[in-house]
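K.L.:
For the sequence shown, the positions run 511 to 888 when this note's numbering is used.
Incorrect hints may have been included.
Simulated crosslink set (SDA-like; lysine to any residue; CA at most 20 Å straight-line) [what the hints assert, rightly or not]: (1) Lys810 with Ile786; (2) Lys569 with Ala852; (3) Lys552 with Tyr825.
Since the hints were derived computationally from the structure, they do not count as laboratory data. Since we're looking at a predicted model, the values are computed, not measured.
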Amino acid sequence: MDNFTLIFIVVAVLGLYAFWKIARFIFKLVKNAQPNEDSSVKFFGDSSRLPEQFNEIVKKLEKERVALYNKTKGLFKRAFFRTWLFSGSIFLLLTAALSTTPTIDAAMIIGPLAASMLLSLVGAGIFTVIKKGTIGYKFSRQLKKQLVSEIVTHINPNLSFSGEAIEEDEFNGAELFYGSVFTSEDTIEGTVEDEYVSISECEQRNSSNYNRNEATITYFNGLFVQLHLKKINLSVPLKLIPTYNLEKNTLTIDLLEENLPIGSPNILRIQEENEIKLNVNSPFKAYCENEAEALALMDKKFLKVVDFIFGKYEYRDVFISINNDKLFLAISWNQDMFETNAFLKKSLIESKIAEKIYQDILFINQVIKEVGLINKLG
Numbered sequence: 511m512d513n514f515t516l517i518f519i520v521v522a523v524l525g526l527y528a529f530w531k532i533a534r535f536i537f538k539l540v541k542n543a544q545p546n547e548d549s550s551v552k553f554f555g556d557s558s559r560l561p562e563q564f565n566e567i568v569k570k571l572e573k574e575r576v577a578l579y580n581k582t583k584g585l586f587k588r589a590f591f592r593t594w595l596f597s598g599s600i601f602l603l604l605t606a607a608l609s610t611t612p613t614i615d616a617a618m619i620i621g622p623l624a625a626s627m628l629l630s631l632v633g634a635g636i637f638t639v640i641k642k643g644t645i646g647y648k649f650s651r652q653l654k655k656q657l658v659s660e661i662v663t664h665i666n667p668n669l670s671f672s673g674e675a676i677e678e679d680e681f682n683g684a685e686l687f688y689g690s691v692f693t694s695e696d697t698i699e700g701t702v703e704d705e706y707v708s709i710s711e712c713e714q715r716n717s718s719n720y721n722r723n724e725a726t727i728t729y730f731n732g733l734f735v736q737l738h739l740k741k742i743n744l745s746v747p748l749k750l751i752p753t754y755n756l757e758k759n760t761l762t763i764d765l766l767e768e769n770l771p772i773g774s775p776n777i778l779r780i781q782e783e784n785e786i787k788l789n790v791n792s793p794f795k796a797y798c799e800n801e802a803e804a805l806a807l808m809d810k811k812f813l814k815v816v817d818f819i820f821g822k823y824e825y826r827d828v829f830i831s832i833n834n835d836k837l838f839l840a841i842s843w844n845q846d847m848f849e850t851n852a853f854l855k856k857s858l859i860e861s862k863i864a865e866k867i868y869q870d871i872l873f874i875n876q877v878i879k880e881v882g883l884i885n886k887l888g
């Protein structure tokens, strides 16, 4: 076996392996993608229109989007040919240098060019995805800074958009969900009833391996509200869970990830022995280690507010926890808010993304006002 053949085989194998890993990763992303079903439109209908004062901001952002999109047009082709020219030249020089024969035949040219072409295709694909993703992310941050923050303040002057993540410790303060991998972004914060409140997009999940297949269990993905309470301060958490979710969140997987306590069937951090008996027909249940403290808080007015909040979401995929002087509200929401198309293909005007953002913020403002009702209780 001559040097050229050996080089070709090694490079071809490495190229195919890299291509297989990338294709497998993309396939997993598509397979695990959740349909975008949740929408704030169902709470407001089509009656909420973006005020005209934001039209100029949207037009300016659209011009920027078009410029960035045009900048990435043909990016894959350019990256491929440049990479192929460079790598092909290197491969040909190496083949010539390592050749033991004084003459150069067609195989010594075609082989290195074919191998470098395969690598260039993979490399150009990776570069294009990363480059477009980076540009899309930067534009998304620009849109949030120039449009989202302005809409938030317009709807409620007591709120502001930071776009920052919350700490994992803040999320775990609710003691609602298991999971070891936490991510967060896009926080809106301010005051309601003169008390601090914030709402962020959060996800809590675990990655585990079983049956030699990779699997990710998502415990929570959605909107997470934190509210400072005026007159309430519990020594242990009180958790209020719709009965629908007590059944839905029971795992049927035989081998749970190692971070979940052995024998625990739920992804929720509750213990059956801590259930506080409510009305028999109640669509939600309460859990607390201190029964006397919980019952002292849960009078008719309190339960009416909780029932009102749960009822808005049809008593499903929404959770409440009160720990010390903080109330936590978690709403499962499988739609990422305030984001543009990843590769900037969609027009901001034609896709009406600004109108969607406006409705989402109206929805968030309403959520914040509703949890604030707790602080109005006497």
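K.L.:
Any of the earlier hints contradicted here, and which numbers?
P.N.:
The structure breaks none of the hints.
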